[in-house]
Every structure is written in structure tokens, then in C-alpha cells.
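Trainee: Here is what each chain is made of, one letter per residue.
Number of protein chains: 2
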Amino acid sequence: MSQGIADGRWPSHSRLPSIRELCARHGVSKATVQHALRRLEARGVVEARPKSGYFVTRLPEPLPPPRPKTELEAPRPVTISHLLLDIMARNGAFDLKPAPETGEAPYGITALNRAIGRALRRQRRSNFQYYDEPAGDAGFREQLALRYNRRGWPVTADELCVTSGCQHALFLALMACCQAGDVVAVETPGFYGVLQLLEQLNLKVIEIPARAETGMDMDALAQALERWDIRACVVSPAFATPGGALMPDEARARLISMAEDHNLAVIEDDIYAESGFEHVPDPLKARDRNGRVIHCSSFSKVLSRDLRLGWIAGGRWHDRILHLKLVTQLASSRYLQQGVADFMREGALHAHLRRERLRLREQRDELLGDIRQWPGTVGVSVPQGGLALWLELPDTCDTLAVYQAALQAGIVITPGPLFSASGDYTNGLRLSFAHPWNDRRRGALQRLPALLGLH
Amino acid sequence: MSQGIADGRWPSHSRLPSIRELCARHGVSKATVQHALRRLEARGVVEARPKSGYFVTRLPEPLPPPRPKTELEAPRPVTISHLLLDIMARNGAFDLKPAPETGEAPYGITALNRAIGRALRRQRRSNFQYYDEPAGDAGFREQLALRYNRRGWPVTADELCVTSGCQHALFLALMACCQAGDVVAVETPGFYGVLQLLEQLNLKVIEIPARAETGMDMDALAQALERWDIRACVVSPAFATPGGALMPDEARARLISMAEDHNLAVIEDDIYAESGFEHVPDPLKARDRNGRVIHCSSFSKVLSRDLRLGWIAGGRWHDRILHLKLVTQLASSRYLQQGVADFMREGALHAHLRRERLRLREQRDELLGDIRQWPGTVGVSVPQGGLALWLELPDTCDTLAVYQAALQAGIVITPGPLFSASGDYTNGLRLSFAHPWNDRRRGALQRLPALLGLH
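Residue numbers (full-length UniProt numbering), protein chains in the order written: chain U, 1 to 455; chain A, 1 to 455.
Excised from the complex, chain U in its bound form (with noise of 0.2 Å):
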């Protein structure tokens, strides 16, 4: 039933079938519906009015879109603050504090697992005195590559490099097709990972803005390239962090064309894709055509993150990238891959995402009615994937002096600045939706409008 709410076969304000009607549709008893619908009615999904039945009440309403900043700024150096070590050493950047959380994992994880310890098992006498080969084990880039084959990308294993994460898979990107000083494009807001790579790697950045709905700005981006020689571009195609933007086709289509005109590398960090609620797009790199798409990925969004398994495809960077993960890495851990190679041939991976990306957009939903009822004028994405909301709150608001105040809450939040190399963004603020709402976390939700100051 929630996951009739959630494909929209019950719209917001409806009516639900009446009890008898659910009893003989789903075969059950009619204590059980009624549990059902009390459960949902906690979680405010549906509510019960007299004489009338059960109704569903919230469903995501778009709300004003994040206003982007429309004047370019010159490239410039990238200097961010240690904080996203501090927000990393608590845990990871999940704006809730998090809680050692009991209960088993779900099936996925469990299923995972034993493939794992199976691959172990089998370890022999030859496996663990040799190291991995460079580009990672075959028969997961196999199956990588057949993933991808579904996503209107042909790409053969033999285009692929294992690698550990997406994190170190942006790296190895951006180290393969850039030298020190370069200029390198990326969104704004965006991902504070890129803009700790460009730091450390003495690149300078341009901030491109992004939407909250269709990602970056193609207009904006080629104003920069005219004016400025840019290296590489670095982009979220699908449900970029922090708003879940999906670029569309004809954006997709420029970009690929002025990477073209303009000889530049495009980085495409594919992490989210998988978590589509809708559907799964396909990757910008299944348009590229003279291998100037570098597509980076992994499992860490939609199965686990302590997997540290993720992927790059170089294009024509591969055999510098392949150098480049040996020299400064060596190998991957091979019995790690075999396993999750398991798990994805025997069509656990594809049941996992099924029930991951129902499980996420009904998270997505009860974190959107809850914005909803904040006092003040709060703008927020609705994104259609990726697991964060990205708000923009009143001018007055500074979520980065909230942040050490929160903390003192027990709310670890992730503020706007973060998401530039500018500073900008100090009334922006993104808010997770990876983990279910429990009792302490809708707790921790609640004291949030009155720390902001909201009113």
C-alpha cells in the first residue's frame, strides 16, 4: 500500500480502497489491513476520517526551486575549511547524528555478505601470495560492464579499472588528465569531495551554478570557456549532490559538443545513478565518442560504503590511469571483488536496488512533508534520486555558525558552504534522507527550525 502511495497509483489527497476491498486485493485478513493502515497513519502517510475511510495525505509538492547565482567568478585557487574532516571523523557527512543502530541488515547487505565469505572460502593457496592485476579482477568488470550495456553504454570490461571508491576514482581522473595549475570546472553548489581534490592536487576551480533540477548550466558554462582555458569539467549527470539534479538530454548533448570544440575532459561521477526512483538514466559517457569522457563510480550510495569498491572508465586517460592506480595503490583486494561478482550473478544486486530505491523515495517523502510544515520560506529540491534535499533558507540564516550549536544537539548538519569553494551558500543546507526515520532522528528533525531560526 506504501508502495502504492509512493509509484503514484494513489494520489495525494485520495481515497484508499475501503478495508474489504484491500482484504480480498491482497488476500489478507482484515486485522491485517487494519494493522497496515495504522502503521501508515503513525507515519502520516494516510489518514483516517470519519465515515469517509483512509486518505493519503502527504506526497512530495514541488516547492520553490533554489535561486543559482547567475554572475561568474574567476578561477581561483580551492582553500575549504577542515571541516569536512570533522563532519568525516563523526561518521560521515549524514546531517543526523548517528547512533550505533541494532537490527539485522536487510537482505541485500545479508545476501552480499555471504558472497563475500563464499569468495574467502575459496581462496587457495594461489590467491592470496599474488596481487590483483591492475585493472582489477576480470569477472567483475565483467559484470560492471554488462550493468552498464542495460544503460545504453556498450563498454567491454576491458574499459574499466577497479578502483578503491569513487573518491579514488575522481582522483586518479583528475591527476591522469590535469597538472598542477590548471582550470577546472565544476557545479555550484557541488560536491565538496571534488573541491578537496582540486585543493590538494593545486588545480584551480571555476564554479559553474547548477539548478536544483537540471544540473549545471550549459549557458554559464560556455560564457567560461570562452573566456577562460579550462582543463576538464567535472559533473553529476544523475541526482547530483546536494539537490539530486538530473541533467537533461539536450544539455547532456552541448556539453558532449563543446568538450568537442573545446578539448576538454569531462569527469562524470556517476555515484548516484543507480538510486533512481523513477528510472535509471544512462550515463553521460554512453554519448562520448573520442574516449573525452572519464566516468567514475561505485557501490558506496546504493549498497554499502564499507565496501571502498568503485570503478573508472579513462577513455583516452586509460592507460595513464591504469599506471597511475599501480603506482600509487598497486592492486585491489581480488577475493572482495569475486564476491560482489557473485552477488551481481546471481541477481542480487538488481533485487537490492529495487527495494533500495522504493525504501529511499518513501524517506524522501516523509523528510519533504516534514519541511513542509517548517515556519518560514524555505526553498527545496525535490530530487528524483540521490539521497539528500537541498534547502535554501532565509538570507538571515547562517547554517555554518549552526553547526558546532547543533552538534551540542546532537545534530550533525552539513552546511551550505561546504558545497562551494566561495563561501557562498551560507543560508543553504543539505539534508539526508539515506537513513529510515526513527523516533530519535524525526526527534533530532524536530529541534532543526528552532536552531536555525526559523520562525
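Bear in mind the hints are in silico, worked out from the structure with no lab data behind them.
Nothing here was measured: the structure is a model prediction, and the numbers come from that model.
Think of the CB as a built atom: it goes at the ideal place given N, C-alpha and C, for glycine as much as any other residue.
Please note: incorrect hints may appear among the correct ones.
Unchecked claim - Now the in silico label distances, taken between C-beta atoms and shown as ranges:
1. U:Arg355 <-> A:Ala138: 29 to 35 Å
2. A:His262 <-> U:Asn149: 44 to 50 Å
3. A:Ala138 <-> U:Arg372: 37 to 43 Å
4. A:Arg345 <-> U:Asn149: 42 to 48 Å
5. A:Ala401 <-> U:Ala222: 50 to 56 Å
Add chain A to chain U, keeping to what the hints say.
Mentor: Frame of chain U; chain A shown alone:
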């Protein structure tokens, strides 16, 4: 018995106890003792002399040591061929071409995999949804610190940061303490992985001669420090590749004192230390009073090359290294570290290493015995730890030229020029004793002198 010989209980050419005495000592039957003696005889470790009993035949004898270069060359950029990538693509620099070996993994690996499997099954909802903390799992670092405490270094868990293997640690170390164009001193012959890192990071190298017994020549380093502005020095004080040199106490003290006088960063590669046949030397880092030594290591050489788990103690560069790790890779895999920590906690690593050292010494002895029978004048190192021997062949030998021919014959050799940025050591060759000897390996080894043109 083989252990008794390896331990030096029965020196070269000594007579073994009689069969009757051996039966009584080990509480086994005459047939068992005779079978064991026949196997040792087949391996050439003992020989039967008519009416006199069994005698020990083969023990490593110090052979002429390699002649290190003495003249210093000016710092230069590093350029090495893609030979290393080719060797790695053939499954690691293992000198003899590997084939899939059958048989069970040794006890240590089975216990390790069980411990990792248990850590996987303990994963609950809380684990897979969070990244590991930037420095790595605290329990694993605690176990590492305990091991180092026993090696004379009172390090705490807080001073350690977990990496993806030792090569990754060396990379972070160089990135943290050097900038493009800086000069770095290394051992020659020395580890090619470091040369590759210097090349990728645009660092200049100055090669300091190293002796097969005592490692980097401190007089030569002193001379180089007077003439050039050297930022960092990479050394392997314990069983350096390729020759297995062990740096004496006096040289260690001098190196630390020179580091103080010249504001030098010392990067210690400790990866072979735990293989020490007679004893495990204290780390150089134990003498470091002012945080000038960056200590790097992993379990790849003595436990499993497939773990991809290393660590670094960054001294005064600790915070920068933590930040670099976070930015280039985010995190390590937590369950893997927890599994290895359990393995250490239950004493299984200790037991594994005890067996491993005996096995490696036996394998070294068999390789040394074979080489002694080669024609021509061949200098060879006699290491007390590590996994390889370093050979200096007659000047007419060109090991690089032989590489392709050897490959045709099913042998992957590691040619001398790989161990230097200068193209020297064309007559040098590293031979590994990491793998148990079997008929296929023995056959390959016997074809080698002819391939090398020895006669």
C-alpha cells in the same frame, strides 16, 4: 629435522643423529624417519654417506657480496619504462612465472579468512551505511600498536592511519612531505615502486649506493646532503629489496642525526621486517624523537597480498596524511580491519609468522644451494629476511635483454635495471624465494643460467 638444520642446530657438513636416536627423540617409527631422510636427501639438504650415516650438505655460505657503485650522480627526474606494468599484469614481480597452484591455503590464511567472515556476519544496519573513520578502525590500530610496542616502539593507536597497502602509505608519505621538483634520496639498487612514485609526483631522485648486507651507505648520504638540497630520504632499514640488507644500529643512529641536522624527512619502508629469520628488528621510527620519520608498512609480504591493508605513522605530517587519505580515498573497509584485528587478538598472526619465517628460510636455502651450482662468477646476497636474493652476474650479462626470451620460456624475471633510475645494474637480477619450490619452479630455475648466457 629440516627445522633443526635451518636453525643452525646441525651446521653444514655435520653428521645427523643416527636413525635409532632420531626415532627415540621424536617418538616415531624407523620407517617414518627413513622416509623423512629420503625426502631431505631428494631436496639435497642432507646426503647419505655409506657406513657413516646422514650428513648436512647445503647451508647458505656467504658469497662474494655485490659491488655497490661509489660515485654519486646529480639529482635527476625519474623515467622508468613500462616494464613494471607488464610484470604486474603477469601477476606480480615473482621472478618465475606463476601458474594456478592447487592445494589448500596454509593454516594462517584459513584462520584469517574465518576471522574476516565472522566480522562480515557481525555487520548490522549501522555498519554498512557509514564510512569508516578517516584514520581507520580503532581496534585494528590498537592491535598494530601492541605489536610495535613489542618491537621497542611505544606508539599509540592515535598515531597510526590505515591505508590501502604499503605502496599507498609511501604515496601519502611523499605527497605529504614533498612538493613537485623536490629532491628525494633513495637506495640503489632499490625498490622500483618508490622510483615510480617519484616519477608520478614529479620529484627528483638522488640514488645513494646501498650494500647488500648493510643497506644505504651513510657516508654517501652525508656527502649528498652537503652538495644538494634533499627534502626526503626513503629507506628500508629491514631486509630491503632487492638484496635483503639489514641496516646496522650505527647507521640508523647516523641517519636520525643527519635528519635532524638537515631537516630531512625520513620515509621508512618496514614491509619486510616481520619476515626476519633470526629476529625482527626494531623499526627505525623507534629512534625518532622529533617526528621526522614516517613509518610505512603492510601485511602483504608476510600474510596476504590480497588484503590491501597497510598503515602509516606520519610523525609531524600525521594530520596532513590523514587529510590526504580522506580526500583521495575517503575511507578503508571497516569489516576487513575488524577481521584482521580479531585474527591478531587471538594470536593467529603470531603463530602464522613463526611458521612463515621457517618456510622462507628453507626456501632461501634451497635457492642459494641451486645458485651455487651455476657456472660463471655470480655474486649473491645472503639475506636474513625478506623474500628475494640479489645476484650480480658477469658484466657480459644483460638481464633486460633476457626478459623477453625468459618470458617465452615461461619465466618472469625481475631485471636489474628496474631497481634504479639510471639504467644501471644491467647485470643485476632479483630472484624470489617467496614461493614453495616444486618441480615446475625447479625446472624453470635450471633453465635460467643458459638463458642468461652463463657458462
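Trainee: All hints are to be evaluated individually against the structure, with a verdict given for each.
Mentor: A quick look at each hint next to the structure:
With their beta carbons about 32 Å apart, Arg355 (chain U) and Ala138 (chain A) fall inside the hinted range of 29 to 35 Å. Take His262 (chain A) and Asn149 (chain U): their Cβ atoms lie about 57 Å apart, and the range 44 to 50 Å is violated. Against the hinted window of 37 to 43 Å, the Cβ-Cβ separation of Ala138 (chain A) and Arg372 (chain U) comes to about 41 Å, which satisfies the hint. The beta-carbon spacing between Arg345 (chain A) and Asn149 (chain U), approximately 45 Å, falls within the hinted interval of 42 to 48 Å.
As the Cβ distance of Ala401 (chain A) to Ala222 (chain U) is approximately 54 Å, the hint placing it in 50 to 56 Å holds.
In terms of the numbered hints stated before, the structure departs from hint 2 and from no other.
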